[in-house]
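Novice: Quick mapping for you: the protein sequence lines, in order, are chains L and A. Note that the UniProt record's numbering numbers the first sequence so that position 120 is 120, with each residue one more than the last. Note that the UniProt record's numbering numbers the second sequence so that position 17 is 17, with each residue one more than the last.
In short, the hints are calculated from the structure, not lab data. Glycine included, C-beta positions come from ideal geometry on N, C-alpha and C. Don't take each hint at face value.
As the list claims (entries may be wrong) - Ranges between beta-carbon positions, derived for each pair:
1) L:GLY69 / A:GLU48: 52 to 60 Å
2) A:GLN44 / L:LYS162: 17 to 25 Å
3) A:SER67 / L:GLY223: 33 to 41 Å
4) A:VAL17 / L:GLY69: 48 to 56 Å
5) L:ASN221 / A:SER72: 50 to 58 Å
6) A:SER72 / L:GLN72: 32 to 40 Å
7) L:ASN221 / A:LYS12: 37 to 45 Å
8) L:HIS255 / A:VAL17: 47 to 55 Å
9) L:GLN65 / A:ILE50: 45 to 53 Å
10) A:GLU75 / L:ASP191: 38 to 46 Å
11) L:GLU214 / A:THR79: 47 to 55 Å
12) A:ASP57 / L:GLU111: 53 to 61 Å
13) L:ALA256 / A:SER14: 30 to 38 Å
Stated by the list, open to error - Straight-line alpha carbon distances no greater than 20 Å define the calculated SDA-like cross-link-like pairs of lysine to any residue that follow:
14) L:LYS33 / L:ASP136
15) A:LYS19 / L:GLY190
16) L:LYS162 / A:ARG30
17) L:LYS162 / A:GLN23
18) A:LYS19 / L:GLU205
19) L:LYS11 / A:GLN23
20) A:LYS12 / L:ASP136
Claimed, not checked - Where chain A lies over chain L, by a calculated footprint (3+ residues, C-beta under 8 Å):
21) 147-161
22) 192-203
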Amino acid sequence: MAKIIVVTSGKGGVGKTTSAAAIATGLALRGNKTVVIDFDVGLRNLDLIMGCERRVVYDLVNVIQGEAGLNQALIRDKRTENLHILPASQTRDKDALTLEGVEKVLNDLAEDFDYIICDSPAGIERGAQLAMYFADEAVVVTNPEVSSVRDSDRILGLLSSKSRRAEQNREPVKEHLLITRYNANRVDDGDMLNLEDIREILAIELIGLIPESEAVLRASNQGVPVVHDDNSDAGQAYLDTVARLMGEEVPLRFHAAQKRSLISRMFGGGGRR
Amino acid sequence: MRLLDFLKGERKKSASVAKERLQIIVAHQRGQRGQPDYMPMLEQELLEVIRRYVQVDQDAISISLDSDNDCSVLELNVTLPNRD
């Protein structure tokens, strides 16, 4: 039985696609047959983050409209075994996605895969609602910043009312908080919301904490999901997150401020590498 | 700037301001969770009707829907201006 996990946030630019790519890759590296689907019709980017942008032939909309088979549209990841990507369409309008079409694609994928990761578009419109509708679990990506936290709360509201599990009165979607771009030094200085505060406000359980890291931009520049950079703090933090998604207990890392000299404390700065 | 703050001494940490603001807005959002989609529209139209007769402010109206087992109560609160 495949597990469907939506990676969502409401707000744009918080790291949904980076997280979806890293989590999907991490799950595949752990031996799970995994597919990651881009739901951002018209603004696809998952292919770029996964480094397969030049191998896209058919996409999700082609499959839904019957112009291509699922196997024609699925892209096998070159670096990671057990990992496939289903890209979004770049050109067509958002109405191309239908509830029935998405359901059929997910049902077909569920026969072959252990995990189906849905990379949601920003916002709370149709694309985002379709990405979350069939989910069993949700990873809510949140930055330690007011607008991101507020939008995450909106998304949690939608998950509890507009998902299939909610509508069928089944066990609710399991909600996980993933905090990204966390700067422990700024938290220490009192200029950034700390993880306890965010968890308290959103009242959901924390699945991972990803430090603000130079490795993330390096990874997207190269089209290699950041978990492949397993020396980096962000890569390790995503691998921890994947382990927790698989039910393992892993202690939290990267939440403590690094020791800094008096001079650097006074003048700020101090990101992680 | 940091050095200046440091020399000036304590200030209210911005993160705690953020937390307070978020707690209020999120509590408000949760109050609206699960209410029917037509509620904002209903609120707007009720306000328009009331304003035909009494001049009240835009935020002088609050509306909520509470559901028990087999009955729902639509509660409407309008703050009327003082009579002078």
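Novice: Holds or violated: LYS162 (chain L) and GLN23 (chain A), Cα atoms, limit 20 Å.
Specialist: violated (24 Å)
Novice: Would you say the C-beta atoms of SER67 (chain A) and GLY223 (chain L) sit inside 33 to 41 Å of each other?
Specialist: Since SER67 (chain A) and GLY223 (chain L) have Cβ atoms about 50 Å apart, the given range 33 to 41 Å is violated.
Novice: Return holds or violated for the Cβ distance of SER72 (chain A) and GLN72 (chain L) against the range 32 to 40 Å.
Specialist: violated (50 Å)
Novice: Is 52 to 60 Å a correct range for the gap between the Cβ atoms of GLY69 (chain L) and GLU48 (chain A)?
Specialist: holds (54 Å)
Novice: Going straight from one Cα to the other, do LYS19 (chain A) and GLU205 (chain L) come out at no more than 20 Å?
Specialist: It holds: about 18 Å lies between the C-alpha atoms, which stays within 20 Å.
Novice: Take the C-beta atom of ASN221 (chain L) and the C-beta atom of SER72 (chain A), compute their distance, and say whether it sits inside 50 to 58 Å.
Specialist: holds (54 Å)
Novice: Compare the distance between the alpha carbons of LYS19 (chain A) and GLY190 (chain L) with 20 Å, and conclude whether the hinted pair is satisfied.
Specialist: Distance ~11 Å between LYS19 (chain A) and GLY190 (chain L) Cα, so the pair holds.
Novice: Evaluate the given range 47 to 55 Å for the C-beta pair formed by HIS255 (chain L) and VAL17 (chain A).
Specialist: Given range 47 to 55 Å: violated, Cβ gap about 22 Å.
Novice: Take the C-beta atom of ALA256 (chain L) and the C-beta atom of SER14 (chain A), compute their distance, and say whether it sits inside 30 to 38 Å.
Specialist: At roughly 20 Å between Cβ atoms, SER14 (chain A) and ALA256 (chain L) fall outside 30 to 38 Å, so the hint is violated.
Novice: Taking 20 Å as the top limit, are the C-alpha atoms of LYS12 (chain A) and ASP136 (chain L) close enough?
Specialist: Judged against 20 Å, a Cα distance of about 42 Å means the pair is violated.
Novice: Can you confirm whether chain A covers the stretch 147-161 of chain L, using C-beta to C-beta distances below 8 Å and requiring at least three such residues?
Specialist: Coverage by chain A holds for the stretch 147-161 of chain L (7 residues, Cβ < 8 Å).
Novice: Just to make sure I understand the rule, a stretch counts as covered if three or more of its residues have a C-beta closer than 8 Å to a C-beta of the chain. Does the stretch 192-203 of chain L meet that for chain A?
Specialist: holds (count 6)
Against the hints set out earlier in the document, violations occur for numbers 3, 6, 8, 13, 17, 20.
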